[in-house]
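J.: Each chain, written out:
2 protein chains.
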Amino acid sequence: MFAAIMCGGSGTRFWPASRRQRPKQFLNITGKGPMVVDTCDRLTPLIADDRVILILGKDHREEARTLFKGRNVHILAEPVGRNTAPCMGLGALYAQHLGSQEPVAFLPADHFISNPEAFLKDLESAGKLAAQGGIVTLGIVPTRPETGYGYIRKTQDKTGSDVANAYKVSAFVEKPDVQKAHEYLNSGDYYWNAGIFVATPKTILTEIGTQLPDLHEGLGRVAAALGTDRFEAEFKGAYENMESISFDYGIMENTRQPVYVIPSDCGWSDVGSWESLYELRGSERDKDWNLTEGDTLVIDCEKSFVSSQSNRLVACLGLKECLVVDTGDTVLVADLSQSQNIRKIVDRLKETGKDTFL
Amino acid sequence: MFAAIMCGGSGTRFWPASRRQRPKQFLNITGKGPMVVDTCDRLTPLIADDRVILILGKDHREEARTLFKGRNVHILAEPVGRNTAPCMGLGALYAQHLGSQEPVAFLPADHFISNPEAFLKDLESAGKLAAQGGIVTLGIVPTRPETGYGYIRKTQDKTGSDVANAYKVSAFVEKPDVQKAHEYLNSGDYYWNAGIFVATPKTILTEIGTQLPDLHEGLGRVAAALGTDRFEAEFKGAYENMESISFDYGIMENTRQPVYVIPSDCGWSDVGSWESLYELRGSERDKDWNLTEGDTLVIDCEKSFVSSQSNRLVACLGLKECLVVDTGDTVLVADLSQSQNIRKIVDRLKETGKDTFL
Numbered sequence: 005m006f007a008a009i010m011c012g013g014s015g016t017r018f019w020p021a022s023r024r025q026r027p028k029q030f031l032n033i034t035g036k037g038p039m040v041v042d043t044c045d046r047l048t049p050l051i052a053d054d055r056v057i058l059i060l061g062k063d064h065r066e067e068a069r070t071l072f073k074g075r076n077v078h079i080l081a082e083p084v085g086r087n088t089a090p091c092m093g094l095g096a097l098y099a100q101h102l103g104s105q106e107p108v109a110f111l112p113a114d115h116f117i118s119n120p121e122a123f124l125k126d127l128e129s130a131g132k133l134a135a136q137g138g139i140v141t142l143g144i145v146p147t148r149p150e151t152g153y154g155y156i157r158k159t160q161d162k163t164g165s166d167v168a169n170a171y172k173v174s175a176f177v178e179k180p181d182v183q184k185a186h187e188y189l190n191s192g193d194y195y196w197n198a199g200i201f202v203a204t205p206k207t208i209l210t211e212i213g214t215q216l217p218d219l220h221e222g223l224g225r226v227a228a229a230l231g232t233d234r235f236e237a238e239f240k241g242a243y244e245n246m247e248s249i250s251f252d253y254g255i256m257e258n259t260r261q262p263v264y265v266i267p268s269d270c271g272w273s274d275v276g277s278w279e280s281l282y283e284l285r286g287s288e289r290d291k292d293w294n295l296t297e298g299d300t301l302v303i304d305c306e307k308s309f310v311s312s313q314s315n316r317l318v319a320c321l322g323l324k325e326c327l328v329v330d331t332g333d334t335v336l337v338a339d340l341s342q343s344q345n346i347r348k349i350v351d352r353l354k355e356t357g358k359d360t361f362l
Numbered sequence: 005m006f007a008a009i010m011c012g013g014s015g016t017r018f019w020p021a022s023r024r025q026r027p028k029q030f031l032n033i034t035g036k037g038p039m040v041v042d043t044c045d046r047l048t049p050l051i052a053d054d055r056v057i058l059i060l061g062k063d064h065r066e067e068a069r070t071l072f073k074g075r076n077v078h079i080l081a082e083p084v085g086r087n088t089a090p091c092m093g094l095g096a097l098y099a100q101h102l103g104s105q106e107p108v109a110f111l112p113a114d115h116f117i118s119n120p121e122a123f124l125k126d127l128e129s130a131g132k133l134a135a136q137g138g139i140v141t142l143g144i145v146p147t148r149p150e151t152g153y154g155y156i157r158k159t160q161d162k163t164g165s166d167v168a169n170a171y172k173v174s175a176f177v178e179k180p181d182v183q184k185a186h187e188y189l190n191s192g193d194y195y196w197n198a199g200i201f202v203a204t205p206k207t208i209l210t211e212i213g214t215q216l217p218d219l220h221e222g223l224g225r226v227a228a229a230l231g232t233d234r235f236e237a238e239f240k241g242a243y244e245n246m247e248s249i250s251f252d253y254g255i256m257e258n259t260r261q262p263v264y265v266i267p268s269d270c271g272w273s274d275v276g277s278w279e280s281l282y283e284l285r286g287s288e289r290d291k292d293w294n295l296t297e298g299d300t301l302v303i304d305c306e307k308s309f310v311s312s313q314s315n316r317l318v319a320c321l322g323l324k325e326c327l328v329v330d331t332g333d334t335v336l337v338a339d340l341s342q343s344q345n346i347r348k349i350v351d352r353l354k355e356t357g358k359d360t361f362l
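Chains L and Z supply the protein sequences, listed in that same order. Residues 5 to 362 in my numbering are what the first sequence lists, from first letter to last. Residues 5 to 362 in my numbering are what the second sequence lists, from first letter to last.
Since the list can't tell identical chains apart, any single copy or any two copies may satisfy a pair.
Within a straight-line C-alpha distance of at most 35 Å, the following computed DSBU-like cross-link-like pairs (lysine-lysine) qualify:
| # | residue 1 | residue 2 |
| --- | --- | --- |
| 1 | K354 | K179 |
| 2 | K358 | K324 |
| 3 | K358 | K291 |
| 4 | K291 | K354 |
Quick caveat, the hints were computed from the structure, so don't treat them as lab data.
For reference, chain L alone in the conformation it holds in the complex (with noise of 0.2 Å):
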């Protein structure tokens, strides 16, 4: 089994700690050292480094030889971002380069998993799924009637349960109203959709074919020229040639290949905002459930978040459910249930132009 770490994405909802030059997935916010490493790292017991492909944005690509020295990863850098289905073709095709047909999990370097024995027990059914044919995908086993994922609904088609507890998949369904969300929730029938599949390179570069036939075409302009010295020419050219399209929209929606979710129950959290960071890091909390790092004196507050991430002291005092980031040359004060709108602050900065602190 092969894995393609998606590590693209830029990454505005950590702001300030996440900049365009050091995005989420190589911060170390969760306290398991930068998230795309702990993704690796998690996979070890399945999955050895040589097995591992990680993509992400050119810009990114030395801070990943630096993370990953003296492990033979593989590191491919995307000349420009294109979304998730032209580069989980890369993945494919790269996997199919390395000489396999094995399956590949194709897995977002941002997420968070408290139970990775769980996470692992799963994805190694699915890949023995996947070997069979069809697409196979972890569906989170939802905690609370949650509105800011998609969810996959399952059938009561146990095909494929011979070799992994997976069911049938009948529909992946956006975003729900709260309303929706409680029904979800209640019925047992619906999972998070957490955007971790696992197929051979065959059925994806298949499907690829398929549906994007554009893709499949600037696909195999990269995969004639790997191993030559246009490589990187081929890749760049074929690379913005190429439609910015979601393997989910592009794909997913209108695939005829079987596709089967698998129900895991893994302690998964996709670290959306810095008030589920707050909610992960629960154990770390005072009485008063403040949760702090770096030189901080917190006094009368409560459920708020205070890190300083700087030599600086940052100091509150009666605070209640607040969120404060101080990374030396700006610092964030923010309603910690407001976190998921930081996106506002950074489109500011982009109209008016302060690109030091983007």
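Once you have looked at the hints, place chain Z on chain L.
T.: Just chain Z now, kept in the frame of chain L:
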């Protein structure tokens, strides 16, 4: 008429802007320049610079010399702080030394006055009355049931009102509880005690001689050495032996001098907290009642005071009634309504030996 501007006080209430080396009275927090300069400037139409005596701590002498460069105010640096009774005694004897028995207005250096014309008119009246003997205070006409100030209760005895709109004082009363504060406000007989006194040097020194003979003796040593080369040594020796005591407690409580109050409706504020500064600068607030200065970005916030006093960006999202002050080496985030408790932070810094932030 002379003025003695009292510039002592460590000013922890405006931490982190105020520090040991740069207390409130040397800060430009109201937008009118350093408060001590503003205090002096507003006197100019009535009291020329060469009749102004600044009394401050020796650590701040150089700062004062810089601020008043080219102006012939008198600067006296106390070797150690000994509260207001010694300070006012020193002011009185220094005015005497300058060859005058005219009244001296004793004024705190860190108050704000929005209507200096009204203030000067009342101060001039106080001077006329004080020239005839007794101790005259300006009583600030209260505008709210404030529990943070002491009050002055007037009698209906209008002795002295031929030279000033003055009343005999019935009592100086302590900070009231909320109910009493309402009673005081409604009665019309109470004024805020702003710590502003006017009296001749002779009156002040006679009272000190009667009530605080040790202080009187010490001041005598200082007076005798004025203009000689043993002044610094005598000043230091005498001051170090003085009791630290306030004029209110040491003199006013038991004085046999006639005591008058002149009601003053001059837009006075002691600017006692970040919150009161926020109120004071109300006209600078935006439509959401946010007051911002420096490099700030404020989104979805209301009734907040955000001050970036360095070249760092302070970004705020979704805050309500919040105070953020960034001074470069530290940042304070507080509930604006709790800004009177900032002493708690300063105390903690002292306890933990973080002297660089004091």
